[in-house]
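Please arrange chains B and C on chain A, whose structure you already have, making use of the hints.
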Amino acid sequence: MNAKTFQPIAPRPAPVRTDGPVAWARRNLFSDWKTSLATLVIGGLLLWYLPQLLNWALFTAMWKPDAEACRADAVGACWGVVTEKYRLIIFGRYPFEEQWRPLVATLLMVGLLVASCVRYFWKPWLAALWVAVLALSFALMYGNVAGLSLVETDRWGGLPLTILLASLSIVMAFPIALVVALGRRSHLPAIRSFCTIYVELVRGVPLISVLFMASFMFPLFMPHGLTIDVLIRVLVGITLFAAAYMAEVIRGGLQAIPKGQVEAAATLGLSYWQTQFKIVLPQALAMVVPGIMNNFISIFKDTSLVTIVSLYELTGSLGLALNSDADWRPYKIEGYLFIALIYFTFCFAMSRYSLWVEKQVNKSKLR
Amino acid sequence: MTPTTPPRKKHWSWRSQAFRGLVYQALALGLIGLMVWFLVHNTTENMRIRGIQSGFDFLSQPAGFDIGESVIAFDSSESYFKALLTGLGNTLRVAILGILLTTVLGTLLGVGRFSRNALVRGMCSAYVEFFRNVPVLLQLLMWYLAMTEYLPDTLEPIQIGSFFLSKGGLSFPAPVWAPGFAWAIWGLVAGVALAWLYRHWAHGRFEATGQVRSLFWVPLGIVLVMGALGWLAGGAPSEFNVPFKGEFAVEGGSSLTPEFISLLIGLTVYTAAFVAEVVRAGIQSVARGQSEAAAALGLSKGQEMRLVMLPQALRVIIPPMTNQFLNLTKNSSLAVAIGYPDVVSISNTAINQTGRAVECISIVMLIYLTTSLSTSALMGWYNKRAAIQER
Amino acid sequence: MAFPSFKLAAVALAAVGTLASAPAFAGKTLDAIKARGQVVCGVNTGLAGFSAADSSGKWTGLDVDICRAIAAATLGDAEKVKYVPLNAQQRFTALQSGEVDVLSRNTTFTLNRDGALGLHMTAVTYYDGQGFMVPVKSKIKSAKQLKGQTVCVQSGTTTEKNMTDFSKANALGLKPVVFEKVEAATGAYFAGRCVAYTTDASGLASVRNKEAKVPADHVILPELISKEPLGPMVRRGDDEWFAIVKWVIHGLVESEEYGLTQSNVLAEKAKSTDPVVQRITGATEDTGKNLGLDRDWMVRALQATGNYGEIFERNVGPKSPLALPRAMNNQWNKGGLMYAYPVR
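Protein chains in written order, with my numbering: chain A, 1 to 367; chain B, 368 to 758; chain C, 759 to 1102.
Worth flagging that the hints you see were computed from the coordinates, not collected in a lab.
All C-beta atoms in this analysis are idealised placements derived from N, C-alpha and C, irrespective of residue type, glycine included.
It is possible that part of the hints are untrue.
[As the list claims (entries may be wrong)] Between beta-carbon pairs, the in silico distance windows are: (1) A:E200 <-> B:P678: 26 to 32 Å; (2) A:E200 <-> B:A545: 41 to 47 Å; (3) C:V894 <-> A:E152: 38 to 44 Å; (4) A:P15 <-> B:G577: 54 to 60 Å; (5) C:D835 <-> A:V145: 22 to 28 Å; (6) A:T153 <-> C:K895: 44 to 50 Å.
The shape of chain A in the complex, shown without the other chains (with noise of 0.2 Å):
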């Protein structure tokens, strides 16, 4: 055999990592000269700016409930105007001395509203619990029982209020919504037609009108001499709007539900209102709940609404603080941005939790 001498080609360069930052780097920010010009200005800008917000929020900011202070170092924040009127802010015009009750009150609420979140907690007993705790809070707040004083609802303000009319008006607002939405796919004429007539006309007007009408017109259509406090007409005004617009949402989800699970039903022998509850409802709300926690988020902010009807809620009751202290009004932006932080906590919150429900019900669909 001839011996031929083994000749090595020449060593090849490692192969590019295509994991670790570097590589995330040069895919996301730097993939092509456009994209790299984009991430050179935007991360320019956000280097100049961010730190002066930061400063602005955090670093340079006063922490005291000093105005005078404030306004010596007019540099940063005045977080001030917070740790002096959190609690006219948080709780309204409850009596100071009996604000342990809202605080309670509201810690049982949002208990509620994230024990309804974990799937360990849904059971049949989940629902009288529910109705457990909201009249226990209702109580609570209102006191004339067990020795607590009597607070009436004009007294009630602050976060407290706007949970309460949040989570009362989705919780009365769902069964009228489900009936609404099966009416308006009803074969049956006239339900069909004033369930589209009602949906409608709700979903025409803004919330607004449906407040003033609620705070103007409710105590005229009443029978001579009955009065009805304001709180039961805004929440009455609040639910009916909210069932208008969630009867729209579980109305889709009973469109996407095909026909053939309505026919085997039928095949089955199953009445119209078994067929509902036991086959089509179940499927149907599964896939709405994304679209029914929208709803929750939006009446949850709607209730700020309430504050043109002179309810002071988180939003009123901000401007019922600072309003008359001419001391502390020019920092109104901090308390502003105070309620905006509240706000935020708990709608992304509650859309983060949305999402995840959403990937759950959609483990089946996803690539």
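Below, chains B and C alone, put in the same frame as chain A:
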């Protein structure tokens, strides 16, 4: 053996579905009728007892109040009807401008979520998350506060050329109306017609020969040229009403009040976050195979978005987008909190001066209802056309 | 499967039941007040000097004192009042619907409110006029210099219409910036959005004192462009209640005329020989009987709040933060317009 069909008989018995349906409907109608009668009876009773007058005759009486800014000229001696009409004009002004700006901003944000640049993606996400989760009333109040607190005083405005920005608003030079501008507008209209004809012709050529002609820049050029020709034909009027610094504030020119600006910006920024989500959902709804096929054909990212994804996504985008437009129109009613004289604000003033709460609130609800219903009807028709036909 | 919706509906109905008050007897407001044990008084959401609550929820002001006097006269205890804060839009519907018994909320008496809204005006507690407030640095000395300027105003009050009339009469072309809430209007003015702010002169003084960083930086222009007689209102249909409210106010004004004060009313009742004083304090005649009250109605009112002059001094007078002069609100025999009808 011939098959026999059972005879169709309508039984007046509870076991017949048709009969049960009739009974339920009769019950429902009766209940609703009873409720409506109850409410109407109570209302008329209460109004009689309290001596409250009712009727729509107040609409022809002189209003007696001025309106700070309006699209159509309004004087305090004109009727309440004209006042409400002026309010409606204000609402439509904010709504239409808001819808245009929102569509542009929202689409850019929605498409930006799919950008290759992580920073752009991140910023679009952050924008959407932040502005969606804060109530719109709070955002409007914050924008209005920013405009009234942080802009300079009316006596020392920021001046850029002939544009003045201060707490009193944005003043800019406006052309003085002359007949020549009517000619310019007719020129523009003619230009639009010509541009449409050109596009039709260019499409036809593409179908026949495969030659591509510019479908955007040339028509745009045609419109602008025709407008310019019309302006020249009308005598080339160029008189401008230029603002100047007056004794207490900027006077002259045309101005946008801080209320209008903050309402427009607030509503646009808020609704654009929702429109971005709608556009994103629409683009995501297009099957992934489409974008892979576009890549296989060698289309750039921009071409893929423009020619493949967006047209298909439109079917999914348009219904919720219309919802957002309606939401923007309805949210403009919050102008009452920041001092912009929209139709709700004017109706409130009318209620306080005439006491006709029921009538005024009904009128406002009717106005919003008409707008929303006509849009919904249009949408329903489009939805039916575009929906997947089921058996 | 449980139907939670029904249980919730039951709870909601129970809640409605507790919150809907007992039906008032048609037209008999006094009976309803006695049954309830409280006078429900509609007041301003927060106007220093007239009706404002501090952070612990205690209400003070001229309108509040009138309510307290009415409660003392009818129920015997000035603290038996429930204050319902109402903004300019809600105030009339709240009174019409029965939500409040009396509207003591610096409301102007006008023909429209009497005729179209069906509300009775009882008696004037404050004669006022509408004025303008401008910053000192604008160097405006008279309202006639406000040609074409922006003026912040609250919606739903007589203010808007008066301003338009004044603007038209003097060809000023004022541009109103109309806000729903008074806080938004004053906030916009103090932020510098408008050149002027307009409301009743007493309101201007109150706002300047409470909300301006440096009150001396703002000046109230001398022109009063309208007449604004302010006083409590009641709804039509109950002449008895109307008479009670009216005569409590006249009683307070007449007490000042005849020298009865919070501190000396009991002593005067025992020892005075002036027949007018004796009638007011119920020493000789029982004037309260004709109103449906008892004989000590005026004594209790005076003990609770003092006479009209004391109420004025305490809340809006020259020594109070508002520092308003008596001027038109002085007694008739001292050059003012307060002319009490005789309590006899």
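Structure-based check of all given hints:
Checked against the hint of 26 to 32 Å, the pair E200 (chain A) and P678 (chain B) passes, with Cβ atoms roughly 30 Å apart. A C-beta distance of roughly 46 Å is found between E200 (chain A) and A545 (chain B), which places it inside the suggested range of 41 to 47 Å. Evaluation of the 38 to 44 Å hint for V894 (chain C) and E152 (chain A) yields a pass: the beta carbon distance comes to about 43 Å. Under the hint 54 to 60 Å, the C-beta atoms of P15 (chain A) and G577 (chain B), about 43 Å apart, miss the expected range.
Between D835 (chain C) and V145 (chain A), the C-beta spacing of about 25 Å keeps the proposed range 22 to 28 Å intact. With their beta carbons about 45 Å apart, T153 (chain A) and K895 (chain C) fall inside the hinted range of 44 to 50 Å.
Violated hint for the displayed structure: number 4, the only one.
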